[in-house]
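Protein chains: 2
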Amino acid sequence: MQSVIPVPLPQNAYAIAIAPGSLDHIGSWLTGETLTLKPQSKILVVSNPMIFRAYGQRVIDSLTQAGFQVTSCILPAGECYKTPATVQKIYDAALENRLERSSTMVALGGGVIGDMTGFAASTWLRGINVVQVPTTLLAMVDAAIGGKTGVNHPQGKNLIGAFHQPRLVLIDPQVLKTLPMREFRAGIAEVIKYGIIWDAELFEKMEQAKRLDQLRYVDDELLQEILTRSCQAKAHVVNKDEKESGLREILNYGHTIGHAVESLTGYRVINHGEGVAIGMVAAGQIAVEMGLWDQESCDRQLSLIEKAGLPTRLPDGMDIEAILTTLQSDKKVQSGKVRFVLPTAIGTAITTDQVTSDMIRSVLKQM
Amino acid sequence: MQSVIPVPLPQNAYAIAIAPGSLDHIGSWLTGETLTLKPQSKILVVSNPMIFRAYGQRVIDSLTQAGFQVTSCILPAGECYKTPATVQKIYDAALENRLERSSTMVALGGGVIGDMTGFAASTWLRGINVVQVPTTLLAMVDAAIGGKTGVNHPQGKNLIGAFHQPRLVLIDPQVLKTLPMREFRAGIAEVIKYGIIWDAELFEKMEQAKRLDQLRYVDDELLQEILTRSCQAKAHVVNKDEKESGLREILNYGHTIGHAVESLTGYRVINHGEGVAIGMVAAGQIAVEMGLWDQESCDRQLSLIEKAGLPTRLPDGMDIEAILTTLQSDKKVQSGKVRFVLPTAIGTAITTDQVTSDMIRSVLKQM
Ligand SMILES: NC(=O)c1ccc[n+]([C@@H]2O[C@H](COP(=O)([O-])OP(=O)(O)OC[C@H]3O[C@@H](n4cnc5c(N)ncnc54)[C@H](O)[C@@H]3O)[C@@H](O)[C@H]2O)c1
Ligand SMILES: NC(=O)c1ccc[n+]([C@@H]2O[C@H](COP(=O)([O-])OP(=O)(O)OC[C@H]3O[C@@H](n4cnc5c(N)ncnc54)[C@H](O)[C@@H]3O)[C@@H](O)[C@H]2O)c1
Ligand SMILES: [Zn+2]
Ligand SMILES: [Zn+2]
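Order-wise, the sequence lines are chains A and B.
Using the numbering used here, you'd call the opening residue of the first sequence number 532 and step up by one each time.
Using the numbering used here, you'd call the opening residue of the second sequence number 532 and step up by one each time.
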């Protein structure tokens with residue numbers, strides 16, 4: 532059971548491979564048909580202490596066996612370290628190990644490691660290879676695909692970054708076994724998003740699953756299907772809109788209100804996936820009130836989000852006016868109008884700036 | 532008297548305009564035919580204290596009059612400040628002034644300001660507009676063109692960077708009047724380089740000039756010709772080889788030995804242009820000894836370099852073996868072979884890795 536999804540970008544074609552157990556064969560993936568890296572070239576594996584302890588040696592062994600000159604760079608874990616200062620540590624390792632134009636960085640970790648490694652690779656010697664080996668569900672279905680890389684500014688997320696496509700995204704679903712439950716659910720929120728905006732069949736397959744709230748209840752086949760279809764959805768959208776002008780915007784479904792809720796709770800009480808879940812419930816209901824979506828589909832979305840163990844209501848004591856103010860200050864707001872992604876059917880969404888504050892207020896009050 | 536050189540890159544076409552007095556009309560250039568920026572959009576002018584004092588207000592007035600929302604960011608002067616830490620100050624200004632995707636950074640200065648501003652623009656929100664307004668001869672004919680941006684790592688120049696094409700390069704030759712003589716000559720070294728590797732007519736026009744060692748002896752017409760032909764040469768080469776694989780290499784003529792001499796003298800005794808001058812003399816002689824070039828052309832090159840007030844011999848006490856060792860450690864060295872650009876005629880050059888250490892040694896000993 533293995534899927535390879537081509538991402539045929541005109542300048543930077545690459546593949547996403549979803550292959551159980553592939554961590555032990557990364558060396559062959561990098562020298563095989565999918566991607567031919569220069570034999571004996573240098574590879575810098577970038578990871579964090581926890582992930583490296585669990586999986587680092589297997590990756591290094593396989594790469595070394597394939598003939599690469601491998602070194603590693605271990606960064607502190609956590610979103611708060613996704614900064615220019617941490618990227619500087621990657622540069623230092625690149626210098627120490629004399630990485631050249633033909634060298635490769637391998638990002639072994641979640642979105643934090645992936646974003647920083649991608650950014651370092653895009654700016655070291657004005658751009659060297661990066662291979663993404665995502666280890667969280669969120670990174671597998673979202674962060675590792677699309678070429679967005681970057682770090683945070685003390686006053687705003689992802690303000691500093693670059694577009695830099697990976698040479699390969701290698702996904703080993705087995706690493707998800709060690710992923711904390713809450714991180715798993717955060718990833719599932721994005722998968723549900725793809726079901727709503729792009730892939731009705733993916734949505735239905737998840738509806739048919741008995742449980743979805745923990746990885747151990749998801750059988751290998753469904754997991755493979757979830758990963759493959761999600762990656763296909765993101766790759767499709769990114770492919771059609773590499774530098775983010777139009778279509779790519781639908782990937783923000785659930786994220787408008789989601790981000791606001793996340794940030795108002797200090798990114799702790801409500802994490803990203805939970806914010807997206809709440810945001811999808813809100814956006815779905817707004818779509819219904821605006822006559823764009825039917826209540827039945829909206830209820831099906833609600834049930835699926837609940838089944839995934841994700842929140843469907845605002846956290847207690849949430850100030851609705853604060854959410855509205857936060858929406859207005861979002862960096863994506865153009866001339867004062869908040870843009871929303873709204874579903875029109877399971878599997879299809881549109882974008883609009885016609886959602887009024889009163890509409891948002893009234894829907895949030897019911898939540 | 533005004534030239535506009537189109538740089539028709541498939542994805543990022545832009546123009547280089549060489550127009551005396553254009554500093555006072557930058558507002559119209561940004562809203563005119565050559566480049567249509569969003570009216571009322573935000574512009575951040577990045578400069579250093581000296582240049583900003585001399586020219587900043589004129590730029591700001593013209594931009595403001597054209598309807599832009601203009602702010603500025605003044606960085607410390609000098610190569611030693613071309614660092615990630617200084618770029619961070621541009622990010623801070625970008626944040627404070629809430630630059631958006633549609634905003635523009637204007638680099639008003641030499642190559643140091645140009646490289647940092649270009650890099651900040653390429654990474655702010657994953658890429659916003661940059662307009663280069665070069666104020667040194669070197670930046671006009673070299674640094675501002677081609678899309679290379681970047682900063683230094685404590686242990687190596689330009690190790691961190693990105694390719695990011697400007698939306699416009701606006702050259703006002705009149706600002707050269709305040710440029711120190713030594714900086715002017717450094718720029719002329721690059722111009723002579725273009726004459727040798729690309730444009731025999733440019734070379735001959737400079738030969739015909741009475742003096743070339745100071746700007747005040749160069750008449751406006753020749754200056755316009757020098758700027759136009761140099762920009763054309765660089766634009767041509769860059770155009771054919773945007774991401775630096777083959778052809779672009781010829782731009783390194785004189786730079787192989789030049790860099791070594793520069794770095795061995797701590798970048799002070801011998802500056803970049805002087806290093807390039809010495810490097811061209813050496814490379815020219817190597818080409819002659821290898822039977823690739825005629826002695827007469829080589830002598831003409833020597834005379835022109837002398838006329839420009841540039842050095843043609845190694846500084847006193849220079850250790851030739853140290854130069855050879857430095858060549859070997861250059862980041863561009865592939866598998867131990869130093870690559871040289873050698874002229875085969877005035878106006879044409881080739882690249883080769885067939886130059887032996889003995890050959891380099893014997894030529895340097897005569898210098
Ligand atoms: N580039 C993009 O397009 C994009 C898209 C979405 C999100 N992101 C970014 O991704 C980041 C979030 O990514 P994330 O959710 O993966 O967070 P993360 O990288 O912080 O990982 C979450 C936690 O899980 C741990 N972990 C990772 N893999 C594990 C495994 N297999 N077993 C056990 N623990 C494991 C990590 O150490 C970390 O503590 C954010 O910075 C966000 O901005 C980027
Ligand atoms: N991006 C590229 O392709 C490229 C190519 C070549 C060089 N470079 C970079 O360019 C830098 C060198 O550029 P540079 O030679 O312009 O040096 P610079 O920017 O340091 O300028 C040299 C000096 O001249 C002063 N100055 C600038 N304009 C002036 C004016 N009109 N009047 C009076 N003084 C003025 C500056 O303040 C500075 O002190 C290096 O960092 C080099 O790496 C980049
Ligand atoms: Zn998300
Ligand atoms: Zn140069």
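Honestly, the hints are just simulated from the structure, not real lab data.
Any given hint might turn out to be false.
No copy is singled out in the list; a pair is fine if it fits within one copy or between any two copies.
[Unchecked claim] Straight-line C-alpha distance at most 20 Å; calculated DMTMM-like pairs for lysine to aspartate or glutamate:
{"id": "1", "residue 1": "Lys896", "residue 2": "Asp830"}
{"id": "2", "residue 1": "Lys613", "residue 2": "Asp623"}
{"id": "3", "residue 1": "Lys868", "residue 2": "Glu735"}
{"id": "4", "residue 1": "Lys573", "residue 2": "Asp751"}
{"id": "5", "residue 1": "Lys688", "residue 2": "Asp623"}
{"id": "6", "residue 1": "Lys896", "residue 2": "Glu564"}
So, going through the hints one by one against the coordinates:
1. In this assembly of identical chains, the alpha carbons of Lys896 and Asp830 lie at most 20 Å apart only when taken from the same copy (18 Å versus 85 Å across copies).
2. For a Cα distance limit of 20 Å, the shortest separation of Lys613 from Asp623 qualifies both inside one copy, at 16 Å, and across copies, at 17 Å.
3. Neither within a single protomer nor between protomers do Lys868 and Glu735 lie at most 20 Å apart by alpha-carbon distance, with minima of 34 Å and 60 Å respectively.
4. In this assembly of identical chains, the alpha carbons of Lys573 and Asp751 never lie at most 20 Å apart, being 34 Å within a copy and 51 Å across copies at closest.
5. Proximity of Lys688 and Asp623 under a CA criterion of 20 Å is satisfied inter-copy only: 13 Å between copies versus 24 Å inside one chain copy.
6. When the C-alpha separation of Lys896 and Glu564 is checked against a cutoff of 20 Å, the pair qualifies neither within a copy, at 55 Å, nor between copies, at 51 Å.
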